[in-house]
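A.B. asks: The residues making up each chain are set out below.
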Amino acid sequence: MNAISARGLTKTYRSPRKAQGLLASLRSLWHREHTVITAVSELDLELAPGETVGFLGPNGAGKTTTLKMLAGLIEPTAGTVRVLGYDSTQRPPELLRRLTLVMGNKQQLLWDLPPSETFELNRALYDVDRARFARIRDELVDLLALGSVIDRPARNLSLGERMKCELAAGLIHEPEVLFLDEPTIGLDVSMQVAVRQFIADWSRRHGATVLLTSHYMDDIAALCSRVVVIDGGRLRYDGALTALAERYAPERAVRIRLARPPVEPVGPLAVVGQELVGQVPAAAVPELLARVMATGEVLEVSVEPQPLEDALRRLFGGAA
Amino acid sequence: MSDARRVRPILRALGASWRAAWMTALAYRANFLADAVVTLFAAGATVLPVLFVFHGQETIAGWTASEALLVTGAFVVLQGLVEAAVEPNLRGLVDDIRFGTLDYVLLRPVDPQLLVSFRRLVPQRLVYSVGGFVILGVAASRLPEPPGLWAISAALTLLGVGAAVMYALWLLVVSTAFWFVRVDNLSYLLTSAMDAARWPIDVFRPVFRVLFSVVVPLGLMTTTPALALRGVLEPTSALSGLGVAVVFCAVSRAVWVRALRHYSSASS
Numbered sequence: 001m002n003a004i005s006a007r008g009l010t011k012t013y014r015s016p017r018k019a020q021g022l023l024a025s026l027r028s029l030w031h032r033e034h035t036v037i038t039a040v041s042e043l044d045l046e047l048a049p050g051e052t053v054g055f056l057g058p059n060g061a062g063k064t065t066t067l068k069m070l071a072g073l074i075e076p077t078a079g080t081v082r083v084l085g086y087d088s089t090q091r092p093p094e095l096l097r098r099l100t101l102v103m104g105n106k107q108q109l110l111w112d113l114p115p116s117e118t119f120e121l122n123r124a125l126y127d128v129d130r131a132r133f134a135r136i137r138d139e140l141v142d143l144l145a146l147g148s149v150i151d152r153p154a155r156n157l158s159l160g161e162r163m164k165c166e167l168a169a170g171l172i173h174e175p176e177v178l179f180l181d182e183p184t185i186g187l188d189v190s191m192q193v194a195v196r197q198f199i200a201d202w203s204r205r206h207g208a209t210v211l212l213t214s215h216y217m218d219d220i221a222a223l224c225s226r227v228v229v230i231d232g233g234r235l236r237y238d239g240a241l242t243a244l245a246e247r248y249a250p251e252r253a254v255r256i257r258l259a260r261p262p263v264e265p266v267g268p269l270a271v272v273g274q275e276l277v278g279q280v281p282a283a284a285v286p287e288l289l290a291r292v293m294a295t296g297e298v299l300e301v302s303v304e305p306q307p308l309e310d311a312l313r314r315l316f317g318g319a320a
Numbered sequence: 001m002s003d004a005r006r007v008r009p010i011l012r013a014l015g016a017s018w019r020a021a022w023m024t025a026l027a028y029r030a031n032f033l034a035d036a037v038v039t040l041f042a043a044g045a046t047v048l049p050v051l052f053v054f055h056g057q058e059t060i061a062g063w064t065a066s067e068a069l070l071v072t073g074a075f076v077v078l079q080g081l082v083e084a085a086v087e088p089n090l091r092g093l094v095d096d097i098r099f100g101t102l103d104y105v106l107l108r109p110v111d112p113q114l115l116v117s118f119r120r121l122v123p124q125r126l127v128y129s130v131g132g133f134v135i136l137g138v139a140a141s142r143l144p145e146p147p148g149l150w151a152i153s154a155a156l157t158l159l160g161v162g163a164a165v166m167y168a169l170w171l172l173v174v175s176t177a178f179w180f181v182r183v184d185n186l187s188y189l190l191t192s193a194m195d196a197a198r199w200p201i202d203v204f205r206p207v208f209r210v211l212f213s214v215v216v217p218l219g220l221m222t223t224t225p226a227l228a229l230r231g232v233l234e235p236t237s238a239l240s241g242l243g244v245a246v247v248f249c250a251v252s253r254a255v256w257v258r259a260l261r262h263y264s265s266a267s268s
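Same order as they appear, the protein sequences are chains Z and Y.
Numbering-wise (the working numbering), the first sequence opens with residue 1 and increments by one.
Numbering-wise (the working numbering), the second sequence opens with residue 1 and increments by one.
With the rest of the complex left out, here is chain Y:
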């Protein structure tokens, strides 16, 4: 089968699912608008801890406030994607397993991982990501040397890589629901760990730096794109980041496929 013939049904399924998700969100207008406004404020509030920590300090671990805000911006972009697209789906999977409604997903002639991962969308939470891009833009404009096109392209690519790693981590966690059914604690643990990604990886102790580089590669998600915008990213770091992302995606896919074999559905 050609690539186009493989990709077309996926795009069609995603398009139809997101169309339904948008309509569902818009069915409750007041909730949609209120959630969007609150989300925008929440995105803005993420800069406050950075400004507070850097008050009276020129640099911390080699990062200025504006440079640190690049990391915060990248974090907010990814967090918006998590809240809009990743978390609603993967948390929903737990209910689908508990109540057996995963049956209908598995009956579709589309890769179930894809449907499970992306069919739900909370579109108003994408405002958070928009806020993240605004933070990135403002912080980048305050750098001594604003990034060029190459740096911006590299940063956006690395943000995509970070999003892939983040998705893979979530998939690994929720795949365990096929064995344990309830995985609330694991997902809370992941959410809490993710919060560390709002800071440059260099501000942590060495042991955490290793942890956040290899085990839970939070540094790859947010610090690496910020380094690209600063123009100080080593090409080898970018390539190794890409390698880590490929490994995480492959491992999470393998775990998902194995987990699916344990699906026992719910009784009628």
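In isolation and in its complexed conformation, chain Z is listed as follows:
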């Protein structure tokens, strides 16, 4: 049985539409026009237990709406959702005890109290017995290096500390399914790495199923071997991350430093000072390198895959 299974998932909204200006505002008092917006359209999605999947798409693609439908927060207009075998639209308590949704831009911590109090509140709400609670809390404090942080009022914590506590608060009931909506948003690089490492450790230890959205491709590359990409509410890609990169960013950034400045370009490699630099199709790299190495003047070679962002830009029809 899949941990998450969605079929034909669709969500449409009626959104008020108003022309610009005071007159239009007055008119909208008695005559309001609406536009029907399709946030998600006939999305099929399956996640096996223990799988960590990156959920990608540009802003407004429908990622968060999908996560909220999967978590049972908003009702789909059409389609079916089953999480751990339950119909999540009914929000059965048995399911809610086994899933979590952590949102990087919304907080559940009690603002005026230390995070330890939010943990205690969640312990009661999720009916976690005290021994199990102590074990999970200690594990979270250890993995997230929370230490004394959990005893200071949430309002006095830095953004990074708060985000780590948000994650801990969302996991105190040891859920099997994690919906993580941009958990590293706004964090500095070192904090992003810490949160990323934590998610990897936690999902490995607990065998959790994770559906993760992030605009930081480093998060996705570090955590997900499979990605699902949506745009305009429709599924655009579902498969291995490596295959996505090969399909939409098949070139390599090649940089070769030579003992002497080269006299002419080599294939697609241009001359830049003492280096040959250029984008080369992956399949052509070995032959090209062999040609340059044959000159016997190579000091240093660097071959880098294109950033994932480039693959996504091409997928979304942006700059190639």
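Hints listed in this document are in silico derivations from the structure and should not be mistaken for laboratory results.
Errors might be hidden in some of the hints.
Below are the SDA-like pairs computed for lysine to any residue, each with C-alpha atoms no more than 20 Å apart in a straight line [to be verified]:
hint: 1; chain 1: Z; residue 1: Lys-106; chain 2: Y; residue 2: Asp-95
hint: 2; chain 1: Z; residue 1: Lys-106; chain 2: Y; residue 2: Gly-92
hint: 3; chain 1: Z; residue 1: Lys-18; chain 2: Z; residue 2: Trp-30
hint: 4; chain 1: Z; residue 1: Lys-106; chain 2: Y; residue 2: Ser-264
hint: 5; chain 1: Z; residue 1: Lys-18; chain 2: Y; residue 2: Trp-179
hint: 6; chain 1: Z; residue 1: Lys-106; chain 2: Y; residue 2: Val-105
hint: 7; chain 1: Z; residue 1: Lys-106; chain 2: Y; residue 2: Tyr-263
hint: 8; chain 1: Z; residue 1: Lys-18; chain 2: Z; residue 2: His-31
hint: 9; chain 1: Z; residue 1: Lys-106; chain 2: Y; residue 2: Pro-112
hint: 10; chain 1: Z; residue 1: Lys-18; chain 2: Z; residue 2: Glu-33
Per label pair, the in silico range of CB-to-CB distance [said to hold, decoys possible]:
hint: 11; chain 1: Z; residue 1: Gly-207; chain 2: Y; residue 2: Trp-18; range: 32 to 38 Å
hint: 12; chain 1: Z; residue 1: Arg-247; chain 2: Y; residue 2: Trp-18; range: 53 to 59 Å
hint: 13; chain 1: Y; residue 1: Val-207; chain 2: Z; residue 2: Leu-26; range: 40 to 46 Å
hint: 14; chain 1: Z; residue 1: Glu-33; chain 2: Y; residue 2: His-55; range: 56 to 62 Å
Even glycine gets a Cβ: it sits at the ideal position worked out from N, Cα and C.
Given chain Z, work out where chain Y should sit, using these hints.
C.D. replies: Chain Y only, in chain Z's frame:
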């Protein structure tokens, strides 16, 4: 599932939420104490209009000043509950809907109506209710025949019924926030209408008496408990009051469940 197994998680959730609410209130000591003192004075001040109106008059619409103060006392008790437990939660719901923080409430394995309705508490406002009980006690002691145990029990039960009706009215109003988002005007209207409950229902014109008996049953909330303390309450009135409360609670629950289906959360 047995009743005990249904009730236990509710009590546990309420206990944990109120514990957090108390700690939040006590985190700002000066504000807590100042608010408690001001609230106590405000509760005391509610008797002044009654004393003023009854100055030089033995009775108004069949009520003496002491009897009217029973209504005022019941009103202050209920108003304290509104300010301490009902209003902070249900006004907070409007923000939860606007900013999408209702998401976290809906993810808990506890009835969301319960969490939304009672997780916030402004404990210092309970002083208002304490003041109301003091007014009730003083007014009852000045009656020609102080109420017996039966009358006091009936009055307390009817106060509970009144609290349930008041909660149901608030829930009905804030449930509309799922459609309209901003419901400030409706809640102000309700607050203003509630103010009429500080007077015995008999002092109003007949049309308002009907209005305050059936449409917005303010009379049920405060006049009925006062009648019980006076020992003049008809059993049929008490039973019909109970019936009205059950209907209001059932209707507000149905509206809440329907409203929740319109929750669209806020964008990320």
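A.B. asks: Hint by hint, work out which the structure violates, then give me just those numbers in ascending order.
C.D. replies: Checked against the structure, the only hint that fails is number 13, while the rest are satisfied.
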